[in-house]
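Read off the chains here:
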Amino acid sequence: MTMTMTQRILALHSGKEEVRPGEIVEARVDLCLANDITAPLAIKVFEELGVGKPFDREKIALVPDHFVPNKDIASAEQVKMVREFAKKYGISHFFELGETGVEHILLPEKGLIAPGDLVVGADSHTCTYGALGAFATGVGSTDLGVTMATGRIWLKVPETLKFEYKGRLRPFVGGKDLILHTISLIGVDGANYKTMFFTGETVKGLTMADRFTMANMAVEAGAKNGIFEPDEATEEFLKGRTNKKGLWLKEDPEAKFEKEYFIDVSSLGPQVARPHSPANSVEVEELKGTKVDQVFIGSCTNGRYEDLYHAFQVLKGRKVAKGVRLIVLPGTPAVYKQALQSGIIEGLLESGAVIGPPCCGPCLGGHMGILAESEVAVSTTNRNFLGRMGHPKSLVYLSNPFVAAASAVAGEIIHPKYVLGVKDD
Amino acid sequence: MIKGRVWRFGDDVDTDVIIPARYLNTSNKQELRNFCFKDLIPDFSERVREGDIILAGENFGCGSSREHAPIALKEAGVALIIAKSFARIFFRNSLNIGLPLLEVKAGLDGVEQGDEMEVDLKKGNIFVKARNIALDVRPISGLEKELIEEGGLLNYTKHRISRGETTP
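Those protein sequence lines, which keep their order, are chains A and B.
Each residue of the first sequence is one higher than the one before, starting from 1 at the first, in my numbering.
Each residue of the second sequence is one higher than the one before, starting from 1 at the first, in my numbering.
The set of hints was computed from the structure by calculation and includes no laboratory data.
Be aware that a few hints might be false.
[What the hints assert, rightly or not] Derived lysine-lysine pairs resembling DSSO-like cross-links, with alpha carbons at most 30 Å apart: (1) B:Lys-129 <-> A:Lys-156; (2) B:Lys-105 <-> A:Lys-156; (3) A:Lys-87 <-> B:Lys-29; (4) B:Lys-158 <-> A:Lys-88; (5) B:Lys-29 <-> A:Lys-80; (6) B:Lys-84 <-> A:Lys-259; (7) B:Lys-84 <-> A:Lys-256; (8) A:Lys-80 <-> B:Lys-38; (9) B:Lys-122 <-> B:Lys-84; (10) B:Lys-158 <-> A:Lys-87; (11) A:Lys-88 <-> B:Lys-29; (12) B:Lys-29 <-> A:Lys-44; (13) A:Lys-53 <-> B:Lys-158; (14) A:Lys-244 <-> A:Lys-204; (15) B:Lys-105 <-> A:Lys-259; (16) A:Lys-53 <-> B:Lys-29; (17) A:Lys-44 <-> B:Lys-38; (18) B:Lys-38 <-> B:Lys-3.
[Claimed, not checked] Which stretches of chain B does chain A cover? Using the computed rule of at least three CB atoms under 8 Å from a CB of chain A, they are: (19) 16-29; (20) 51-62.
Since this is a predicted model, take the numbers as computed values, not measurements.
Ideal placement from N, C-alpha and C gives every residue a C-beta, glycine not left out.
Start from the sequences and build out the full structure, keeping to the hints where you can.
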């Protein structure tokens with residue numbers, strides 16, 4: 001029987017020759033992770049199991065990133081609990097403030113994930129690592145607590161949906177636009193329980209940053225995981241980061257997909273998702289003139305160096321419009337340092353941006369930029385649900401960093417070509 | 001047998017709506033119950049009664065992986081969630097904490113907010129007297145049933161470890 005990449009990874013990790021969609025397997029985990037919101041519940045479950053020690057202290061990553069630097073006493077207590085747990089059991093990959101950053105940017109940067117790995121994380125955006133050709137999926141805290149004890153997890157083998165992209169991308173269009181457009185085609189539950197396999201000539205030319213962004217938002221279509229075939233770009237990214245060999249799978253040409261989508265992106269412009277759903281995306285031109293109060297550039301979706309560079313290309317030598325607040329959170333200390341050394345940080349500051357520490361910040365309405373009633377934000381994040389970034393009557397539009405930066409300069413949603421005075425063909 | 005009043009919801013109820021992220025700075029279950037649907041139905045946690053049932057449309061529980069969402073619902077008294085479909089992480093989180101779910105595609109559209117409903121999970125029967133509804137659905141089975149009967153993944157795993165079926 002032929003299997004998809006995802007099915008092969010699941011078979012290999014559950015000691016089976018083959019697995020079929022719908023079957024429940026108990027799979028061995030190569031890495032499990034949790035953050036400051038989800039780890040405390042997982043730790044309680046782990047301790048209640050009473051197994052004495054974690055299955056492998058090298059294969060657990062604990063990343064305080066949601067409410068750090070601790071935003072209040074309760075958050076400080078949660079991080080303290082995670083810190084003490086990490087110390088008690090000698091967890092190798094606990095990231096203290098100063099080392100920590102947005103988990104899904106940080107862990108690949110540290111080389112903790114290789115192609116073919118099976119990763120589970122108590123965070124829905126764990127699916128980001130599919131960009132490396134790994135099987136990675138979000139779970140809850142009880143799952144994570146049990147996995148920390150046993151090194152295993154129950155998983156239902158998913159069907160795979162294939163997304164084949166063709167056509168040359170236009171200027172200011174990247175991974176964010178491809179995934180927003182895709183989610184608008186299939187809906188927020190269009191891939192529920194399933195694998196999204198991203199392929200085609202367009203995808204093969206994408207940077208790793210763009211691939212991470214796409215895999216990251218697979219969950220916004222309900223997917224269990226998103227996955228790319230690892231290639232030269234993957235190899236280049238992993239060079240010097242990891243000693244893991246990995247399992248470099250290619251999709252079986254005979255593999256059976258539940259459904260195949262062919263998407264020509266040659267005429268696609270930058271996409272913006274209107275409130276309150278990531279599936280609500282339209283061409284940026286359709287929203288031209290929408291007044292903006294705040295712009296946020298950062299998060300596990302678009303907080304990488306490339307994203308900051310894109311924003312800088314638009315903001316360089318320009319000022320943020322009066323009355324607009326631009327918040328930039330580099331994803332990790334390394335991203336911050338690289339942006340500092342290349343002059344991006346200085347350029348953004350001169351434009352009028354505020355630069356904050358590497359963390360999730362306002363993405364989930366945690367801190368560092370909460371919206372007031374009826375305020376409008378353009379955000380490079382992944383969710384624009386009701387009340388996601390603050391007041392239930394605030395409005396969030398999702399976009400790529402070019403559009404976010406241009407909107408900060410114009411004070412309204414705008415195609416970057418107008419701000420830069422260039423053509424986009 | 002589960003008996004309770006119905007709370008009606010539409011499609012794509014996300015976990016940010018079930019419990020906004022600003023309340024996730026605690027893992028105290030009794031505290032979490034107070035923040036259920038805080039932005040949508042501010043007095044939900046005061047009005048909900050032990051045994052009440054949520055009846056929703058497609059993709060219930062989409063979005064974040066926060067287990068705080070099913071925990072808050074369970075602690076508030078919700079005994080069962082019936083939806084046309086569930087988002088996958090919410091689905092496994094609910095089973096993992098022993099909160100039963102039923103996927104029912106059709107036959108309940110006429111049920112209204114506040115209706116009394118009776119559900120037998122093992123037999124797969126749903127009764128709503130006020131609407132003359134007696135519906136047979138697929139009873140829970142397999143791993144789902146085991147998890148609900150054990151009260152969640154924690155007890156299920158404890159017992160498996162004690163029986164030597166999985167090793168720590």
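Handout entry: Earlier hints that do not hold, by number
Key = 1
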